[in-house]
Amino acid sequence: MKIICIIKQVPDAEARIRSTAAGIDLEGVTFVIDGMDEYGVEQALRIRESGVEAEIIAVALGPKRYEEAIRTALAMGADRAIHLETEEAFDPITQAKLLAKVVGEEAADLLLVGGKEADWDSAALGAATAEALGWPHSDWTTELELTANSAKVTHDADEGSEVLTLPLPAVITTQQGLNEPRYPTLPNIMKAKRKELKKLSLDDVGGAVSKIVILKQEIQTRERLNKIIEGDPMEAAQQLVKLLQQDKVI
Amino acid sequence: MLDYFQVDPLFDNEAQQTRAAARKFLDGEVMPHIRDWFEEAYLPTGLAKSFGDMGFFGANLPVEYGCAGLNNIAYGLLMYELERIDSGIRSFASVQGALVMYPIYAYGSEEQKNHYLPKLASGEMIGCFGLTEADGGSDPGAMKTRARKEGSHYVLNGSKMWITNGNIADIALVWAKCEDEVIRGFIVPTNAAGFSANKIKHKMSLRASVTSELVLEDVRVDQNQLLPQVEGLKGPLGCLTQARYGIAWGALGALEAVYYEALEFAQSRITFGKPIASRQLVQHKLVEMVSEHSKGLLLAHRLGMLKDSGQMHYAQVSLAKRNNVRVALEAARSAREILGGSGITVEYSAIRHMLNLETVDTYEGTFDIHTLIVGRDLTGLGALD
Chain A
1 MKIICIIKQV PDAEARIRST AAGIDLEGVT FVIDGMDEYG VEQALRIRES
51 GVEAEIIAVA LGPKRYEEAI RTALAMGADR AIHLETEEAF DPITQAKLLA
101 KVVGEEAADL LLVGGKEADW DSAALGAATA EALGWPHSDW TTELELTANS
151 AKVTHDADEG SEVLTLPLPA VITTQQGLNE PRYPTLPNIM KAKRKELKKL
201 SLDDVGGAVS KIVILKQEIQ TRERLNKIIE GDPMEAAQQL VKLLQQDKVI
Chain B
1 MLDYFQVDPL FDNEAQQTRA AARKFLDGEV MPHIRDWFEE AYLPTGLAKS
51 FGDMGFFGAN LPVEYGCAGL NNIAYGLLMY ELERIDSGIR SFASVQGALV
101 MYPIYAYGSE EQKNHYLPKL ASGEMIGCFG LTEADGGSDP GAMKTRARKE
151 GSHYVLNGSK MWITNGNIAD IALVWAKCED EVIRGFIVPT NAAGFSANKI
201 KHKMSLRASV TSELVLEDVR VDQNQLLPQV EGLKGPLGCL TQARYGIAWG
251 ALGALEAVYY EALEFAQSRI TFGKPIASRQ LVQHKLVEMV SEHSKGLLLA
301 HRLGMLKDSG QMHYAQVSLA KRNNVRVALE AARSAREILG GSGITVEYSA
351 IRHMLNLETV DTYEGTFDIH TLIVGRDLTG LGALD
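Top to bottom, those sequences are chains A and B.
Quick note on numbering: this note's numbering labels position 172 of the first sequence as 172, and the sequence is numbered without any gaps.
Quick note on numbering: this note's numbering labels position 246 of the second sequence as 246, and the sequence is numbered without any gaps.
It cannot be assumed that every hint is accurate.
[Unchecked claim] Distance condition first, Cα-Cα at most 27 Å in a straight line; then the derived DSSO-like pairs of lysine-lysine:
#1 A:Lys64 - B:Lys24
#2 A:Lys193 - B:Lys149
#3 A:Lys191 - B:Lys119
#4 B:Lys24 - A:Lys191
#5 A:Lys2 - A:Lys227
#6 B:Lys24 - A:Lys195
#7 B:Lys24 - A:Lys193
#8 B:Lys113 - A:Lys191
#9 B:Lys274 - B:Lys113
#10 B:Lys177 - B:Lys149
#11 B:Lys274 - A:Lys242
#12 B:Lys49 - B:Lys24
#13 A:Lys227 - B:Lys274
#14 B:Lys234 - A:Lys193
#15 A:Lys64 - A:Lys198
#16 B:Lys119 - B:Lys49
#17 B:Lys49 - A:Lys193
#18 A:Lys191 - B:Lys49
[Stated by the list, open to error] Every beta carbon over 10 Å from chain B, so not counted as near; a handful from chain A, in silico:
#19 Asp109
#20 Trp135
#21 Pro136
Read the hints as simulated data drawn from the structure, not as lab findings.
Given the structure is predicted, the values throughout are model-derived calculations rather than measurements.
Note that beta-carbon positions come from the ideal geometry of N, C-alpha and C, so glycine has one too.
If we strip away everything but chain B, and leave its shape as in the complex, we get:
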């Protein structure tokens, strides 16, 4: 692990073992294929079961629901290792864990938890999270998807956009506005009549990940499918805080990957009789990468401590997600530049990570939106109101 500031000794044994086990598994089973998967826009169906066997889904949720029960720093390191391979692979796991399992765990009934969580943890069942709509991801409160009560059922209508895992999901966690104008969450089986998912094609980013549009046309779900413990926008936003926490760690994994690739390339690439690593402009780029990785890792570690002690504030998560993804994206662009012509092919990972990180910088709250979340927290004045 890239660890210029010796942060590793701050991690407990659980976190260190988690990282080592995840890296070993991912280097052995996923890394050798990821370039092809990205190029062919392919996510193998067997990955869900092997991730489930490894305990990668909802790994920070309790053992009693079939999860690993990791502390949040160990969980963060798992996200780091996943994204060191590919942001799409991390998205596959973090959507399942933070955006599907977490809301069922935090807002679901005991019956829902017992029914869904073990199946989601084992990878037997895949989930997706339907919040964003086509007309504006940054303003979820303006959603048009509606839920109408009819006897003991709810009838859902609307569409959701940019939904990770949409076409491979068995259940969709759909957020909809009810007749009282309050947003509520529903666990919708994807085989329900009127539910359809359309795969989004021609993506130049997160290609080893499935992204979809969900369409709900008079989809009837039993009232027991409603998440009973939450009402309003704080429901989906609470999930996003979980996912953003993981992304703050994950992006640093991608940064590590592009840094080592650029370093190795720069040390062996000879121009004008010397390795390009000896040149000031190249050294500056490498130093920036390690400098930002070091700061980001310390930030993520502290954020994990705050989360484990129940003191983490969502604006801190915004700051960490905003910072760590942007520095990873900039590092990937620098790495691609150091690689010169080689950097434009997926033979090397820099351009794959760079393209992926463009999405990561946008989803789960864009860089600008996180600026305004932190800005509002600092000033007490909302720039979006």
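Excised from the complex, chain A in its bound form:
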């Protein structure tokens, strides 16, 4: 079988990201493979290690720097990769249409997508890709078991979970708890250098125009008052209550 894992690259969780008038400043930020996508790659590897004959392909849509995240997926154990390279930013629906073309051409049996993007917090890509492909979809998946022509999954639902079966081909989006991703080892990083990384341009998949235009981006910041109330505890408490009322906290 053929398993495709969609890969995104996101700023490292510890990266200090600045917001400027021009937008988000990513200069000097360390980027990593999205943790939710790592669950997908790990699950594909586990399917293969359980004895299923499978080719695992990492597919990414994004700028040139995404190569590093793709190499991480290859170092974890993916067999080859396809990078649909563009410096343009697209909304999830347009991204899904572009990715669906690649997935369709590869005639994959299973598509694993990160449940939520660590940078923009969007959970739309997996569902939108399933829609574009016309495939069934399980979101927030915490368990996945394959039979000959179907997938049995456990996925999170509001205040509980559901167990479903889906005919293959299907789209599975990941959730924390699906597995514990392995660390890429140094020998596998070296082997990954020799694995195929095919580059495609937007023209190769028919081009696209984003439906959504981003006008402004900013980062939520928490400003602290750093006010210390001095003096007698009784008076200080009264002053604190007054301040909290003034700012409509209480």
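Given the structure of chain A, go ahead and fit chain B onto it with the hints provided.
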């Protein structure tokens, strides 16, 4: 990574991936425990296998012997990441790689390489390096350990001191003087009759690392255990150049760790109504740390390029080891000072790194010895002769 001068774009993809993978693994698996290991003077036995699985041992040696085959800058960054956790953890890996695997690779027979290197790379086998003796680490040529030929065997007698991994090693790379007064290297199985290792206790440095005395009393090894491709002091000194190269990178990892800790502490510690980071004396300390880290990283990067192109000279390695370890040690002392009272507990890493770096400044050639190596190279006059 602390990278004030944007050195990162100078690293190739292999080096960047190595650093990222090593940091992720070490932050996940080692960092949460290192304080306890240091305090309890403990090195878990399982670490050898997980380091082996990750490819941390002899990572710059060829793939055909089961190693990762990294370039030397990627290897340097691995040492950086290991020492960012703890100098003892870096020592565990660099002794195995640079002082045990490297001499087998560089001076061993093909049979020795095929037999030992894959097992050492996987962590199935642990090695130690026996050069230093109790009477003076800086003068290895004066060693008293002897090897006497008896038929198809050599008989070794003597003792070695300050040997990292000594008590946990399966093999010891022992350097001994033969009857012709020439120093040669031997791969000695530690279960050989007459071989014993005594753990050195009461250390206040490198506590999460095993340090031992090795005693050899009529230890018989087959002549095939002799490293055939090298004779004389250049054998062990060649290994030390490899290890010192890694230390020049590693020390900067420790510097990064203490810098970030001191910075964070200084920004949140309020005295006289303001964070202490706003004070000139504290800023001076922080600036010195970043200034020395930036220079050291550029030095290490250039040294790696020279090593990869086969142009690296041992005196350059001495200069880099001497400089980078000393600046890291001074940064750790400054960080400890910024942390005030908190700095004396191992709840914070500054004092652990500071104590460790005292050893790193001493072993693999002391600061003063490296001064004299570079001094001799500059003047053509040996101060130790």
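Are lysine 177 of chain B and lysine 149 of chain B close enough, with their CA atoms no more than 27 Å apart? Judged against 27 Å, a Cα distance of about 11 Å means the pair holds.
Need the status of pair lysine 64 of chain A, lysine 198 of chain A: alpha-carbon distance at most 27 Å? 12 Å, holds
Regarding the pair lysine 24 of chain B and lysine 191 of chain A, is the alpha-carbon distance no greater than 27 Å? 19 Å, holds
Agreement of lysine 193 of chain A and lysine 149 of chain B with the hint, judged by alpha carbon distance not exceeding 27 Å: It is violated: about 48 Å lies between the C-alpha atoms, which goes past 27 Å.
Take the C-alpha atoms of lysine 64 of chain A and lysine 24 of chain B, compute the straight-line distance between them, and say whether it is at most 27 Å. Within the cut-off at roughly 23 Å; holds.
Check whether the Cα positions of lysine 191 of chain A and lysine 49 of chain B lie no farther apart than 27 Å. Distance ~20 Å between lysine 191 of chain A and lysine 49 of chain B Cα, so the pair holds.
Pair hint outcome, lysine 2 of chain A versus lysine 227 of chain A [Cα-Cα no greater than 27 Å]: Roughly 60 Å between the alpha carbons, so the hint for lysine 2 of chain A and lysine 227 of chain A is violated.
Does lysine 24 of chain B pair with lysine 193 of chain A here, judged by a C-alpha cut-off of 27 Å? 20 Å, holds
Lysine 24 of chain B and lysine 195 of chain A were given as a pair; does the straight-line alpha-carbon distance stay at or below 27 Å? 23 Å, holds
If you draw a straight line from the CA of lysine 113 of chain B to the CA of lysine 191 of chain A, is it 27 Å or shorter? Holds, because 22 Å separates the two Cα atoms, which is no more than 27 Å.
Assess, step by step, whether the Cα of lysine 274 of chain B is no farther than 27 Å from the Cα of lysine 113 of chain B, and give holds or violated. Roughly 61 Å separates the two Cα atoms, so the pair is violated.
Test the statement that tryptophan 135 of chain A is away from the interface with chain B: the closest C-beta pair must be farther apart than 10 Å. 32 Å, holds
Of the numbered hints listed earlier, those contradicted by the structure are 2, 5, 9 and 14.
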